[in-house]
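From just these sequences and the hints, can you work out the full model?
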Amino acid sequence: MAAIEAEELRRTYKTHTGTLRRKAKEIEAVRGISFAVEPGELFGLLGPNGAGKTTTIKMLITLLIPTGGSARVLGLDVVRQAREVRKRIGYVFGGERGVYERLSGYDNLRYFAELYGVPAREQKARIEGLLELVGLKDREHERAEGYSRGMKQRLHVARGLLHDPEVLFLDEPTIGLDPVGAREIRATIASLTDAGKTVLLTTHYMFEADALCDRIAVISKGNIVAEGTPLDLKRGVGHGTVVEVEVFGIAGEAVERVRGLGGVVAVAVEEREQAQVLVVQTEPDVELTQAILAHLDGSDVGRISRRDPTLEDAYVALVSE
Amino acid sequence: MSSLRLVLVSWWLQFKMIMRSPFDGFGNVIYPLFFATTAFFVFRAGDSPRTLIYASLGAAVMGMWSSVSTSAGSAMQRERWWGTLELLVSAPRHFSLILLPSTLGLATVGIYNLVATLLWGRFAFGIDLTIEHPLLFALSIGGTVLSFAGLGFLFAVSFVRFRAAWVLGNFFEYPVWLICGFLVPLALLPTWVHPIAWVLAPTWGMNAIRESALGGTPLPDLLACLGLGLAYIGVGVMVTDRVLRAARVSGSLSLT
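Protein sequences appear in the order of chains A and B.
Heads up: the first sequence begins at 0 in numbering that gives the first Met the number 0, then just goes up one per residue.
Heads up: the second sequence begins at 0 in numbering that gives the first Met the number 0, then just goes up one per residue.
To be clear, the hints were calculated from the coordinates, so they are not data collected in a lab.
Watch out, some of these pointers could steer you wrong.
Unchecked claim - Simulated restraints, written as ranges between beta carbons of each label pair:
id : chain 1 : residue 1 : chain 2 : residue 2 : range
1  : B       : 2         : A       : 39        : 27 to 37 Å
2  : A       : 248       : B       : 162       : 37 to 47 Å
3  : B       : 82        : A       : 296       : 43 to 53 Å
4  : A       : 222       : B       : 80        : 27 to 37 Å
5  : B       : 123       : A       : 142       : 55 to 65 Å
6  : A       : 174       : B       : 234       : 34 to 44 Å
7  : B       : 234       : A       : 79        : 23 to 33 Å
8  : A       : 307       : B       : 93        : 40 to 50 Å
9  : A       : 131       : B       : 80        : 38 to 48 Å
10 : B       : 118       : A       : 48        : 28 to 38 Å
11 : B       : 19        : A       : 121       : 26 to 36 Å
12 : B       : 187       : A       : 122       : 48 to 58 Å
13 : B       : 185       : A       : 122       : 40 to 50 Å
14 : B       : 40        : A       : 24        : 52 to 62 Å
To be verified - Within a straight-line C-alpha distance of at most 30 Å, the following computed DSSO-like cross-link-like pairs (lysine-lysine) qualify:
id : chain 1 : residue 1 : chain 2 : residue 2
15 : A       : 13        : A       : 220
16 : A       : 123       : B       : 15
17 : A       : 220       : A       : 233
18 : A       : 86        : A       : 136
19 : A       : 136       : B       : 15
20 : A       : 86        : A       : 123
21 : A       : 13        : A       : 24
22 : B       : 15        : A       : 86
Stated by the list, open to error - A partial selection of chain A residues facing chain B, derived with a Cβ cut-off under 8 Å:
id : residue
23 : 12
24 : 61
25 : 63
26 : 67
27 : 79
28 : 82
29 : 110
30 : 116
31 : 206
All C-beta atoms, glycine included, are put in the ideal place defined by N, C-alpha and C.
What follows is the structure, given as structure tokens:
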């Protein structure tokens, strides 16, 4: 039995436009996705902002009811057996919210230990063990409002582990952290599967998914566009070439013209200080450098380089389709 | 047993949070004194010591009610802003066991309001309040706090589903002062108001506190107050699952 299973999972939201003449509009956030996560696996759901990652995770942790399809966690239906699911899962999200700032880190954990039904006689040892694990020992009696973003994030991780859940859902747990803080959280995540936990991680950092995940599903516009090991995904776009052109002030129309060229797989623009870098992935054996430059007529062009595609290029190609 | 422990620990931590908020704390210290001062100036014109004691007790319960009605809504709104509401809903314990200690914590702050108002009346306006039945007076306060917590809980359940409903907390503050006879006896109000007052626990809590302080028979009022408080909690528990399901369908839990 898979630890997490989603079958044709779908979720639409109703939203309104206008003030006096309100019009209802339906937005499809998740469009019928299917995947399975095996016990003890670290599975990554990778996608850009607004791709449907958080909506998917919220359906799996029983906070949202799907509008179509079904999902099971440890064989339990997330709609019909929501309370049973909640006893067995932990949920951690990124950012500074989700903490009672006026309480100490210790009191935060004590409160959630009660909410998660941790037996009274086990609470103290469990909380102290987790504070040790996430490196908050000696700061636990300070109010959380004085914690750094990284400390709050580690407090989130400790909270998610309080009731020793079999399955953990981590929604962008390193978002907004400095490199050292993010590395510490990643080390903690890596240790979770060693302890036998099943982890579903959402992120929009390709390197993070590559470093941590056994398997990855790339989600874009509510659909899963690729699934496999990081190596599988790299192989998928291992052919072709990437042309990088440094440009000072590129117009949106020029980017669209480059995108329309025959042989172009994907186009992205990266901001680098005063310049932008136009990253163009091309099909194998296609030479497009001159054609690209011709479409940039009128822009100041700097350095031009060619290289082999990386995993990040694979991701950009997948979510650009 | 574990449910009782959950309620007690949660109540204590909620109470801790309320007391640590400088603005809430300042408001809670100052507001009841304003209510009391206004009531004392208005009723001093009547030149009757008994009327002043009547107003003093009314102003005290006004403060208690204000603390619950306005704070119950804003407490849920704060859970949304802090991003903790989703964590509370996704916890395996029944949501009503999580919500009730929160409103109970707020109602407990109301006890300060009552004590502060009575002391303000004593020292600033010379109103000497002699409690005829101290034990029944204490029980009446306890019963009123519990029933206010029950009513606040019922409000809070609706605030979980409807984001803007916290405004209703403010809306209900003043009508309850009037309808439940905090300052003006119910008998002076139009008869169509009476049934509304009867289904509101503050009416009976107010009567019980006055009867026990001034030497009457507070028990029937106290029982009615407690009965209604328990009924509010019962209705709240029953609708909690339905409200949460509606919020999970609409996806409104994460909205601020």
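Quick rundown of the hints versus the structure:
| no. | hint | in the structure |
| --- | --- | --- |
| 1 | B:2 to A:39: 27 to 37 Å | holds, 34 Å |
| 2 | A:248 to B:162: 37 to 47 Å | holds, 43 Å |
| 3 | B:82 to A:296: 43 to 53 Å | holds, 49 Å |
| 4 | A:222 to B:80: 27 to 37 Å | holds, 33 Å |
| 5 | B:123 to A:142: 55 to 65 Å | violated, 35 Å |
| 6 | A:174 to B:234: 34 to 44 Å | holds, 41 Å |
| 7 | B:234 to A:79: 23 to 33 Å | holds, 25 Å |
| 8 | A:307 to B:93: 40 to 50 Å | violated, 56 Å |
| 9 | A:131 to B:80: 38 to 48 Å | violated, 31 Å |
| 10 | B:118 to A:48: 28 to 38 Å | violated, 56 Å |
| 11 | B:19 to A:121: 26 to 36 Å | holds, 28 Å |
| 12 | B:187 to A:122: 48 to 58 Å | holds, 54 Å |
| 13 | B:185 to A:122: 40 to 50 Å | holds, 49 Å |
| 14 | B:40 to A:24: 52 to 62 Å | holds, 55 Å |
| 15 | A:13 to A:220 | holds, 17 Å |
| 16 | A:123 to B:15 | holds, 20 Å |
| 17 | A:220 to A:233 | holds, 21 Å |
| 18 | A:86 to A:136 | holds, 26 Å |
| 19 | A:136 to B:15 | holds, 22 Å |
| 20 | A:86 to A:123 | holds, 19 Å |
| 21 | A:13 to A:24 | holds, 6 Å |
| 22 | B:15 to A:86 | holds, 27 Å |
| 23 | 12 | holds, 6 Å |
| 24 | 61 | holds, 6 Å |
| 25 | 63 | holds, 6 Å |
| 26 | 67 | violated, 13 Å |
| 27 | 79 | violated, 12 Å |
| 28 | 82 | holds, 6 Å |
| 29 | 110 | holds, 5 Å |
| 30 | 116 | holds, 6 Å |
| 31 | 206 | violated, 27 Å |
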